[in-house]
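J.: If you want the building blocks of each chain, they are given just below.
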Amino acid sequence: MRLKRIFSIAWENMKQRRLRTFLTTLGVVIGITAIIALASLGEGFRVSITERMEQGFELDVLTVIPGTLFAGRRQPFTDPEVANVRKVSNVSVATPVMQIGSVKLYNGDRNVTAIVGAAVNFTEFAEEVLPDRFRFEEGGLPEHVRNDTLVIGYKVNHGNETETAFAHPNDEVTMTVSIPNTTVPSFIKLESYNFTVAGTLRKTGTSGLTSFDYWVFMPLDTARRIYETNSSDLIFVKVHDPEFSESVAEDIEALFPPYQITVLVPIAFIRQVDSILNMVNIFLTSIASIALLVAGIGIMNIMTVSVMERTREIGILKAIGAKNRTILTMFLAEAALIGLVGSLTGVPAGYGLAHVLSYALSGLATPQQDHVFQRPEVERATVTPIFSWPWVIIAVIFGIAICVLFGLYPARKAAKLDPVEALRYE
Amino acid sequence: MTALLEARGVKRTYKMGKVLVPALQGITFDVEGGEFVAVFGPSGSGKSTLLHVLGGLDRPDEGEVLVDGISFSTLNDNTLAEVRLRKIGFIFQFFNLLPRLTALRNVELPLTLADMPEKDSIRKTEDMLRLVGLEDRMNHRPSEMSGGEQQRVAIARALINDPKIVLADEPTGNLDTTTGGEIVELMKRLNEEKGQTFVVVTHDPAIAETADRIIYLKDGLIQRVKERHGRS
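Going down the list, the protein sequences come from chains P and R. Quick note: the numbering used here has the first sequence finishing at residue 426, numbered continuously throughout. Quick note: the numbering used here has the second sequence finishing at residue 1232, numbered continuously throughout.
Don't read these hints as lab results, they were simulated from the structure. The model shown is predicted, which means the values in this text are computed figures rather than measured ones. We put the CB at the ideal spot given by N, CA and C, even for glycine. Be aware that one or more of the hints could be misleading.
[Claimed, not checked] A few chain P residues that don't get close to chain R, going by computed Cβ distances all over 12 Å:
#1 19
#2 106
#3 170
#4 229
#5 319
#6 321
#7 326
#8 393
[Stated by the list, open to error] With a Cα cut of at most 30 Å, we get these calculated DSSO-like pairs of lysine-lysine:
#9 R:1188 / P:416
#10 P:413 / R:1011
#11 R:1011 / R:1218
#12 R:1218 / R:1164
#13 R:1194 / R:1018
#14 P:4 / P:416
#15 R:1188 / R:1226
#16 R:1119 / P:4
#17 R:1119 / R:1218
#18 P:416 / R:1018
#19 P:15 / R:1119
#20 P:4 / P:413
#21 P:416 / R:1194
#22 P:15 / R:1124
#23 R:1226 / R:1119
#24 P:4 / R:1124
#25 P:189 / R:1188
#26 R:1226 / P:416
#27 R:1218 / R:1124
#28 P:189 / P:87
#29 P:413 / R:1015
#30 R:1124 / R:1011
#31 P:413 / R:1018
#32 R:1218 / P:413
#33 R:1218 / R:1188
#34 P:4 / R:1087
#35 R:1194 / R:1164
[Stated by the list, open to error] Label-pair distances were calculated between CB atoms; the ranges are:
#36 P:3 / R:1034: 36 to 44 Å
#37 R:1221 / P:16: 29 to 37 Å
#38 P:22 / R:1118: 39 to 47 Å
#39 R:1115 / P:22: 31 to 39 Å
#40 R:1144 / P:348: 34 to 42 Å
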């Protein structure tokens, strides 16, 4: 018998048992709704986290730090080492950075503390490596950086934001730094130096694992003179393309003895988080699939009852010449139709539910702490469910497949009925 | 001339729980094309089993059944279903119509199974329902029809695929005498006008008397065969 006729007969049969068909289909609808809602929300969550992280990181900037987490302890970097890093292929800039620890700044009768004092080559660091982070609120980098030039981060300058700015460009400020005594390491001496403020930065938000808002920048040469050293604590490396990050990191590591340095690769970190979120997604979707499985068992149950009820009918069909295959197909067609209708209803319901959930969740979320993955224009965490056709197709196929699979047993039972016994069935 | 239907030493034993019931113990007979044969016997004589075996619904333990020269034992379940569809029509005591389908759809079903396009199958079905006198009952469901009407639908369904042979199992068993008589008359008319071959199983002597030939069955064996005279 032609498949089209079989399906139209199956459809008629389902229409005759409206309530039963509705309830059976409802199970599939719930299953598919759960899967689509969780998958689209999870995907939206993953994308939004990744986007935030990509905004929080400079994907093309690697940081080389001395030592590794648990092994190796290395001296600061020398200039020839920095030069070697600069020569690695696909590196566009490599610039040394000295960390000075916390410093105290005085301007007239006011003083502030910067958590991080950093000495940088302004041209390389500010203009080439991190141009996006160096947006000035006031002033800017002078064309010729002088020895006493100072750039102040937003939080250092503004404190708790209610106060007026600590300093403005061309202000003379005094910086107190603590210098370790080279002969007696536990002794430190405090010394003061005068600087001219060149510029104050706007909010930059987080970059990688730090926030430049809490930093104060001075020229590298000045710091080296103060500390009487030629070394640097970090190397910031800019690559031509974030895609080269990992290979560049490997090349840099190869320049040093094993376990002497660590290269922080933001894209690797993001990929890691991304893959974790992907796993979480798969996990959530698998849990949602259980609902579909339950629906499948429901179909099996109902169809088994249906086959029993229709035993005599099956006997009649066989007597007048229906093949086993025809009977099998008739029952599978009903299962497939339930799967199709259920999935096609469940997909929009799932996306609807995802939007409702996303709306409800955004109401619950607290406003962001502004130093963690900050995006100035977004105050609340919102997750937009992501619609994807592949997911729709997979869900519909999965829905139909589950129904047909669970329908197989009762359908085979129907097909294999002995016609004489089936005709005798009351 | 080879017979249309041949039964050769057909034996069939049932298992009822742990008891073996020998329903057919070696049945041999032929049915020629155009014949109206009655298989007559008391209940429990194996009449229904014989009909099932002749119609390819059931397989004999021993012996052979041939319809139109085709031996059932050489066929698998699917090809046997195909033979039932194209060469055999069934009429049952309890009509066995599909309750949710109209008379038209019930009669059309074998044509649907045989993949006839719907346009042709409906025209043919309407003609057939007219032939059995149900032109004004086409869109009624079985529950909306009398027993006699339901049996007419069943007869129409049995005949719709132009089968070689129609097998009827107590076709009047569930009808009153008058209606039963009308059904027998209809079958006789189809036999005479269209040359349709019938094998009717019954325990009603009145029906048996109208047949060309009566096969008396008892305890799974043919007791005797009575030919009605005046027919070649």
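J.: So which of the earlier hints does this model not fit?
T.: 5, 6, 7, 9, 13, 17, 21, 23, 25, 26, 27, 28, 30, 32, 37 and 38
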